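Participant: Using the sequences provided together with the hints, build the complete structure.
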Amino acid sequence: MSAHPRQSTAMSTAPADIAVFSKDRRLALIVDIRNSGLYATDSLAAGLRRTLVKHELLPDTPFFMLATPIQIFLWRGDADPEAFPEYSASAKPILDSYGSGFTHRGESVRCGAPEIIFYFWLMDLANGVRTLLPDSPADRVLAESGLYKQIQGGTADFDVSL
Numbered sequence: 146m147s148a149h150p151r152q153s154t155a156m157s158t159a160p161a162d163i164a165v166f167s168k169d170r171r172l173a174l175i176v177d178i179r180n181s182g183l184y185a186t187d188s189l190a191a192g193l194r195r196t197l198v199k200h201e202l203l204p205d206t207p208f209f210m211l212a213t214p215i216q217i218f219l220w221r222g223d224a225d226p227e228a229f230p231e232y233s234a235s236a237k238p239i240l241d242s243y244g245s246g247f248t249h250r251g252e253s254v255r256c257g258a259p260e261i262i263f264y265f266w267l268m269d270l271a272n273g274v275r276t277l278l279p280d281s282p283a284d285r286v287l288a289e290s291g292l293y294k295q296i297q298g299g300t301a302d303f304d305v306s307l
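In the numbering used here, the protein residues as written are 146 to 307.
Derived by calculation from the structure, the hints in this document are not laboratory data. Values in this document were obtained by computation on a predicted structure and should not be read as measured data. Heads up, the beta-carbon is just placed ideally off N, CA and C, and yes, glycines get one too. Any given hint could turn out to be false.
The following label-pair restraints were derived from C-beta to C-beta distances [stated by the list, open to error]:
#	residue 1	residue 2	range
1	Asp-280	Glu-201	34 to 44 Å
2	Glu-201	Thr-276	35 to 45 Å
3	Asp-223	Asp-187	12 to 22 Å
4	Ala-185	Glu-227	15 to 25 Å
5	Leu-183	Pro-160	15 to 25 Å
6	His-200	Pro-279	18 to 28 Å
7	Ile-261	Glu-227	31 to 41 Å
8	Asp-225	Thr-186	13 to 23 Å
9	Lys-168	Gly-192	17 to 27 Å
10	Arg-170	Val-274	15 to 25 Å
Facilitator: As structure tokens, then:
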């Protein structure tokens with residue numbers, strides 16, 4: 146496995162922090178990563194998605210995920226633009242399992258950008274390096290939504306234009 150993403154074959158001008166493809170290279174998921182806790186609630190996450198849809202910055206895809214250091218939010222691609230996330234889970238287990246956390250002045254500090262951590266989490270799940278963990282709420286989101294089945298055997302691209 147290489148940390149260098151392959152160039153996406155999807156066509157669009159919208160940027161994506163992460164794009165995850167099925168085994169037949171069909172776009173399955175777009176991930177927008179925000180490095181702040183600003184979008185920590187369903188309401189605020191839905192507002193961001195609504196803005197992306199309004200400005201046509203969200204390509205047509207089966208799933209859209211907003212990932213923050215606090216929470217991940219997932220929508221099906223055909224969800225109403227006004228819809229709240231259909232699924233959400235804490236991002237902490239993902240960040241803890243892939244990042245080295247330590248405490249500095251009483252605050253948790255993560256070594257490694259969330260973008261890289263979310264990329265490896267999804268890439269590892271897509272290409273079978275890692276299986277779903279039954280006690281992981283984030284992994285359950287992927288299983289319950291049907292997203293995991295779509296990305297099995299696939300790949301992920303990092304920082305792409307679609």
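Participant: Now tell me if each hint is right for this structure.
Facilitator: Hint check:
{"no.": "1", "hint": "Asp-280 with Glu-201: 34 to 44 Å", "result": "holds (39 Å)"}
{"no.": "2", "hint": "Glu-201 with Thr-276: 35 to 45 Å", "result": "holds (36 Å)"}
{"no.": "3", "hint": "Asp-223 with Asp-187: 12 to 22 Å", "result": "holds (18 Å)"}
{"no.": "4", "hint": "Ala-185 with Glu-227: 15 to 25 Å", "result": "holds (19 Å)"}
{"no.": "5", "hint": "Leu-183 with Pro-160: 15 to 25 Å", "result": "holds (19 Å)"}
{"no.": "6", "hint": "His-200 with Pro-279: 18 to 28 Å", "result": "violated (38 Å)"}
{"no.": "7", "hint": "Ile-261 with Glu-227: 31 to 41 Å", "result": "holds (32 Å)"}
{"no.": "8", "hint": "Asp-225 with Thr-186: 13 to 23 Å", "result": "holds (18 Å)"}
{"no.": "9", "hint": "Lys-168 with Gly-192: 17 to 27 Å", "result": "violated (34 Å)"}
{"no.": "10", "hint": "Arg-170 with Val-274: 15 to 25 Å", "result": "holds (19 Å)"}
Hint violations for this structure: numbers 6 and 9, all remaining hints satisfied.
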